[in-house]
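Asker: Hints in hand, dock the two standalone chains.
Protein sequences, first through last, are from chains A and B.
Quick note, in the UniProt record's numbering, the first sequence goes up one by one and the last residue is 485.
Quick note, in the UniProt record's numbering, the second sequence goes up one by one and the last residue is 468.
Note that these hints are calculated values from the structure, not bench results.
Computed from a predicted model, the values in this text were never measured in an experiment.
In this text, a Cβ means the ideal position worked out from N, Cα and C, and glycines have one as well.
A hint or two may mislead.
[Said to hold, decoys possible] Sample of chain A residues lacking proximity to chain B, with all beta carbon distances greater than 10 Å (derived): (1) Glu2; (2) Arg21; (3) Arg32; (4) Pro76; (5) Leu150; (6) Lys262; (7) Lys289; (8) Ser293; (9) Thr306; (10) Asp320; (11) Lys326; (12) Lys343; (13) Ser396; (14) Leu479.
[As the list claims (entries may be wrong)] Covered stretches of chain A (chain B as the covering partner; in silico rule of three or more C-beta atoms under 8 Å from a C-beta of chain B): (15) 53 to 64; (16) 222 to 229; (17) 428 to 440.
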Amino acid sequence: MEREVQRVRQAFLSGRSRPLRFRLQQLEALRRMVQEREKDILAAICSDLCKSEFNAYSQEVISVLGEIDFMLENLPEWVTAKPVKKNLLTMLDEAYLQPQPLGVVLIIGAWNYPFLLAIQPLIGAIAAGNAVIIKPSELSENTATILAKLLPQYLDQDLYIVINGGVEETTELLKQRFDHILYTGNTTVGKIVMEAAAKHLTPVTLELGGKSPCYIDKDCDLDIVCRRITWGKYMNCGQTCIAPDYILCEASLQNQIVQKIKETVKEFYGENVKESPDYERIINHRHFKRILSLLEGQKIAFGGETDEATRYIAPTVLTDVDPKTKVMQEEIFGPVLPIVPVKNVDEAINFINEREKPLALYVFSHNNKLIKRMIDETSSGGVTGNDVIMHFMLNSFPFGGVGSSGMGAYHGKHTFDTFSHQRPCLLKSLKREGANKLRYPPNSQSKVDWGKFFLLKRFNKEKLGLLLLTFLGIVAAVLVKAEYY
Amino acid sequence: MDPFEDTLRRLRETFQAGHTRSAEFRAAQLRGLGRFLQDNKQLLHDALAQDLHKSAFESELSEVAISQGEVNLALRNLRAWMKDEHVPKSLATQLDSAFIRKEPFGLVLIIAPWNYPLNLTLVPLVGALAAGNCVVLKPSEISKSIEKILAEELPRYLDQSCFAVVLGGPQETGQLLEHRFDYIFFTGSPRVGKIVMTAAAKHLTPVTLELGGKNPCYVDDNCDPQIVANRVAWFRYFNAGQTCVAPDYLLCSPEMQERLLPALQSTITRFYGDDPQSSPNLGRIINQKHFQRLRALLGCGRVAIGGQSDEHDRYIAPTVLVDVQEAEPVMQEEIFGPILPIMNVRGVDEAIEFINRREKPLALYAFSNSSQVVKRILAQTSSGGFCGNDGFMHITLASLPFGGVGASGIGRYHGKFSFDTFSHHRACLLRSPGMEKLNAIRYPPHSPRHLRKLVVAMEARDCSCTLL
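Just chain B, with the same shape it has in the complex (with noise of 0.2 Å):
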């Protein structure tokens, strides 16, 4: 029994109504989302904090706030987006009509995280309803609480004829994708993302894959440490270090180090008290599979600051590492929680070498006063996003497109860049009936004098073309 079936066979037939493709439509989808966060914005806050003990800060900051203004952005530039697009012509095409017409692709789905379960799961969505398309979500069964919201409260704000959500684990997951879709947009793990784009193979659905890696984060000698220590550590220990984005390792000479740890330790008390686990600032692992893993990884190196943990509420302190050597566990995986090692090199060409030894990250930081350090990092490496002097800003701009590259991932979203990625962009062409002479050339039969005139032709473009 296929418990997917008829939910699929559903929102396809909605598709194919064309009930999706009026700008009308699609902003009041969007409306509807927008008063889904307004109506049960406490709602939401208190299953952030049920799942992620996240503070009233974070949530509103990093996952309602930001769900909003997707919202707002949309709603806004809905019309101008949905726009044919007109391209310059060439000779042979000046007098017809040439544009890039934008399309939804049909049913797309949406398969969601745990660790901004709100954020990650409405802001692709916001893309997928703007764009026309149906649309699939499956949130993250790890994060129960916002699961739950979103099942039973979501749909009442969305025409469900055109939007569903579905729930499971990953046998549930894998179900689903033997299915066919029209997209597929998933953000999660590189080892997930492989069996994602497997299945999306089958049926050759195109996929945008929001995975990880390790960011690194260069620390110059030529900088003040306790300014580095402010941006680093709230970057790092956000929402106790599980975001794709947050600064993974650092990378310093073993001078700076000396200079960093002393100004680590006063930010963290600063803001999060003598007593970490007290803070209502600092939030926790999401599950004990993750707590233990994590709680393994404080065995490396050596623990500099922080290193207490609490099974019970799934608390780890804030806590930086040294003397790590590459080979081990913290260094082998994405961390994804508030632990934060400290590699040394000795300057930048040896950061260089060890960053572009490994995968490439989803982001990448420098820190220095010397911007002329800064902009070499960026220009010999590679990661999908870059900051320099802070962390990850880069993604709150939303003329700014968000993903990863390599194995940190495929595609890209945010603002009008999740309009697109979730639009088949169709070249259109419309000739006159008329100005059949013009065409003559292209007929055979071909002779020397023909290919002459082409030549000729070809030389009076204005774009790369033939006049064929």
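Bound conformation, chain A alone (with noise of 0.2 Å):
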């Protein structure tokens, strides 16, 4: 493990991932693995999920196609200098900001879009001119062999490799020194990764998960509610960080909301979800039981049907549900979808900020000042009004978590940025001294004053603002030069 990383970090020290065109070549380089090979992933993702083409296609390698092409778009301009606001100080030096690789990268992928999640971050890594390595989930072992297999055929071998293992493997590999690490998983392996971390100083973002509240007002159109809702919560089997995990709704709205999730999901995956080539599985049969083991007690509004062969569970509602049962405890991460009824939008306020806050919050409302206090109220990694997931989508937004679902964030420039240092950057010359005496000892009252006009002094009008600075920097320069000499 330690020879491995060892390699790779020489290979950054080389310098190669460094030049634009490099990395450029790279993406591209990407780019064809997943068109060239895309039968190939998407057997892989369809295995380990029993996933149909489509879904895998338009779930994971239209995203990571996309996240490509931005890249490509906008890597040159972003790998320049930012030039930044000067003072009275540094009137005449070069101030900016300069985007400088980390180094070596260690992306801890999940199993549950595991494509997506472990690409995703590469894009940026590459992007920011790390080296990076890639440790895919072991329980989407297809998808985690496949990226060994392809990956070095495509990229630079010993700067962007994969590791596969299990826990006694990524334990170990955590011991190593890396200069940043994104992990995608849950919360408990969320605390380990960020304690290896700070043996070393290296800085996380961690992608952590929770329960995403869902809360539905009684001013809207239920139908289209229940459309968008059933569509995030039962796609990929429930087993979405993002997923709206429970509904929070008036007790008079539960038999519609049941009603009319039912009629969707029928319209959605017919009359036997099972033979639905739309509709996964669960991952291995620990998940299955444990989701199993959430219905126990529970009024199953409906569904509930299971196969342990096949790890099927069916599309399911559960209504009335106690806050303190167990499927109310832990983030769900199957098709099961609780509905706990509160008596208002406070009590539901209320709810949400005692436990801890969300990766993702969801409130469905015709009424734009109830949508607006449930923002204002609470707190969550991201939000998404009068729909489900789509905040995910859009890569203008830093996608991350806020307390127990996750630190720090990424998505089109934010990966890039999460990836690379910002170095300020102030370039003075040699020349004019005399201007400097102002600060050297000994030093007396007036230099003090003169000190913090320099330090302190704005002026309102920006051009005007300029001249007059230019001219008392001149004659500051003179005079000091006159007294001080």
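Answerer: Here is the structure:
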């Protein structure tokens, strides 16, 4: 393990991941990989999650391609130095922010969108000029295998590598030193990753989870609301970090909601959901059993059918759920949707705030004031109003959690920024030493006053200010030279 | 008996109740901070003189004025910073409202150091308050006089339902760190930085760590040694060298060293007189422990300039060491004192290689008449910040972020960067409840026709995202 990481570090130190042209080439190669080997990639995802080709393509591959194209288009601009506003003291100098690579980045992927969650961070890490080690989730075995097979065929073999393995290998890997770690997964392991990172003072981005609440107001079009919720909840068989985890609504709405979700499920997946090619399966038996146990003692409004052999769990809705029961104690990550009745939006807000900050928050209402209030009085990683999932799709948004749902963010330029050090640079000249005499000891009160003037003084009108600044700067330099030389 | 339990609960309740959310409340807090600085200026100067023998010049410029500047900047820009930031939208979200909401994290812990005890406490505090958080401040127990003022006077100027000062040493700080915070801002050594981050990991608390390291200062043959000596000496001996961004050691050729030594001597004499110990412009070492540590470093290499020390006064003369070996203690730890070792290198390449063999520093300096040399060092090294042809001037520009990289730290602040550091950037997408037809493409059952439509829609996008 140590040798592998050393090899990657040596490759980074050679400097070849830094030039813009190299980064663009690697990104183009990655794009070719995704296009040329689409069949293999889709087959791997499909066999891991019993996913249809359409779903694998539209949920994972399309986003990856979009992200690569976005990077290719914008990277030349992002790598350039950005000048910043100067003050009186630095007027004649160059002051800018220069993005630089961090070094060796570790990306630990998750099993629910195994291709997307490994490759999307990779794209930004390459764009930022780093070397990368990917550790895909071992639970999505086939995707892990295909990544290990394909990456070296298209990308630089020493700069970007895949290391596969289970808990033991990951623990070993985490003992090594990295320059940034991006981890997608659960809260428990998130803590372990951050603790390991602390030993080396490695910055981390943790994309975790939680129970994403979904509040349905009585002032809304339930038909549309239930279609959107059904789509977001049961996609990937509920195994989505930003799936609406549970519903909060007034008791009087429950029956209608149940009915409409039931109808939508039929529309989406047919009479016999098990036979729909668009409906996925639970990743493994452990999670299958876990989700099953959440159903104990619950009022199943519809669904609830399971088949252990195929790890099938039907789209399920629970009503009148007691907040103290197990299904409301952990992130469900499955096709089970509890409805917890609340009296009104006040109670809903309190309910949400008594719990850990979730990764996503959803609110459905025609009343914009209510939506605004929901946002103002709660916190979460992100919010989508009147829909679910969609804020993930806009890459001008930073995507990440807060509190126990995570720290840091990525997507689009935010990935580039996450994996870069934005280095502040001030370039002065060795000339005009006369002006510096103001700051050198021996000091006096007037030097203090002048010093404060140059540090703090501001001017209101930009252009006038600049002219005045120049004039004052010259006057000051002359004065100083005369008085203190 | 947990001494912090009640305080933390009180602050959390205030935060939960939403008191800190309004711009008016935050502005009032910031104005209070401003008044604290103005009302207590003499008191603060005296305390800084007591703790670190800081001159009025140093106290005013590097502590009071900097803090005041940040308060003013935050007050002027608060509403603009707080505004929801609208973001570019995709084809699918054209009719929606897409913005980033800046939210306070909640309960913030700021742990401050002793070397600029006012500045490094108040500047982060400005950011945390401006961002709407409740704050627990843990000033350094080592700078006792300032600690006292911060504990006794500062709370009177702020709303105490959302602000508290806690006191104590390493043991109390350890106890404090067992509690859950929503953000921790720490300034100090890398060793303690690791302890803070490990404690934060238990609660998944995000952190900013402003640490340190050995800041290299490369001096090219192509420059005027007197000018370089002026600039390097000023930044090295400011606050008796106890500055995280001070040039820690010099890298230059033996020829340049020969020219620099007399120049440095001349500068030091001009700055501090023939007897620097009697100059009001030179600080003192904070305590006996650090004094002893620094005095031991005087034994490394050979003293070319200075080298005197006085235990009673915790005084160490502005010193330059030569003939230093890399393995000696003065090149193994951050000096944090008025001692400047000179290491010889034969040119820029060797200097770059020397720098890159070591941990990434908080600051990096390069002096040369050739902008090519300066830019080359910039391009081939990494550090928190960089200044060409001067010392830490870059940290006086609020439009530049201040922070480390690698072992020198995580995160950044100053000006708007402070506000952003102490805010959660929450992505908010408000969709219209109508336009359901557009969504039809994402719903099952799926068919090849759907896929073709999707691919076409993807090609017609403005920014990358799917139509799903």
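Asker: Each hint: holds or not?
Answerer: Verification of the hints:
1. Glu2: 19 Å, holds
2. Arg21: 16 Å, holds
3. Arg32: The claim stands: A/Arg32 keeps its Cβ more than 10 Å from every Cβ of chain B (closest is about 17 Å).
4. Pro76: Consistent with the label, A/Pro76 stays out of reach of chain B, its closest Cβ about 16 Å off (over 10 Å).
5. Leu150: Its Cβ never comes within 10 Å of chain B, the nearest being 22 Å, so this holds.
6. Lys262: 15 Å, holds
7. Lys289: 27 Å, holds
8. Ser293: Per Cβ check, A/Ser293 is outside 10 Å of chain B; nearest 26 Å; holds.
9. Thr306: Nearest chain B Cβ is 20 Å from A/Thr306, so the label holds.
10. Asp320: A/Asp320 is indeed farther than 10 Å from all Cβ atoms of chain B, at 26 Å.
11. Lys326: 23 Å, holds
12. Lys343: 20 Å, holds
13. Ser396: 4 Å, violated
14. Leu479: 18 Å, holds
15. 53 to 64: holds (count 7)
16. 222 to 229: holds (count 4)
17. 428 to 440: It holds: at least three residues are needed, and the segment 428 to 440 of chain A offers 7 whose Cβ sits within less than 8 Å of chain B.
Checked against the numbered hints given earlier, this structure breaks only hint 13.
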